[in-house]
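**Student:** Sequence:
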Amino acid sequence: MADNGLILRVLTPEGVPADARALGVLGGAIPAVPFLRGGQVTTVGDVLTKAAQTGHSTVGDQDYQCLATDLQVGVKPLTAPRTIWLPDVDTFPFQDLVIADESGACSDVLTITILPGPGTGDVIGTSEGSVILSRPYEGAWFRRGAANLWIRR
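For the sequence shown, our numbering assigns the number 2 to the initial residue and increments by one for each residue that follows.
Since the hints were made in silico from the structure, they are not lab data. Among these hints, one or two may not hold up.
[Said to hold, decoys possible] DEER-style ranges, computed between Cβ atoms: (1) Gly-120 <-> Thr-13: 50 to 58 Å; (2) Thr-43 <-> Ala-21: 20 to 28 Å; (3) Leu-9 <-> Val-42: 19 to 27 Å.
Every residue gets a Cβ at the ideal spot worked out from N, C-alpha and C, and that includes glycine.
Hey, can you work out the whole structure from these sequences and the hints?
**Tutor:** Here is the structure:
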């Protein structure tokens with residue numbers, strides 16, 4: 002588990018509140034227990050270290066396969082219809098994934114089609130099975146649902 006500088010308020014053995022580095026508090030407890038997540042062995046500590054991250058990925062004028070580390074994907078520029086594939090929902094952390102037109106060029110002709118990742122067996126919780134952005138600066142928010150399910154917000 003990496004020491005990310007997180008500080009926790011704890012009680013000393015004497016019952017006095019004190020600040021302590023999270024790694025020192027959690028490092029020898031729950032975080033050390035390995036478990037399988039997305040087919041890979043990890044620990045609670047590693048999951049917590051990577052949780053609630055922030056970030057933005059700008060996608061050039063091309064189709065794009067989202068990564069499990071993507072949180073906000075912006076398409077800019079947009080000169081042809083594009084397809085964005087979602088990452089495998091079972092490897093995505095419990096937070097939102099935002100995909101948006103940042104070019105202002107999105108239209109009925111220049112669309113952005115969002116699909117489940119190929120080979121994942123995932124579905125988007127809509128009857129169409131895809132989401133099509135067709136207005137300038139339009140975006141779509143997705144949240145991890147049950148196994149193999151993306152929920153559109």
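**Student:** For every hint, state whether the structure bears it out.
**Tutor:** Okay, the hints, checked on the actual structure:
1. Under the hint 50 to 58 Å, the C-beta atoms of Gly-120 and Thr-13, about 52 Å apart, fit the expected range.
2. Under the hint 20 to 28 Å, the C-beta atoms of Thr-43 and Ala-21, about 24 Å apart, fit the expected range.
3. Hint check: Leu-9 to Val-42, Cβ distance near 25 Å, so the stated range 19 to 27 Å holds.
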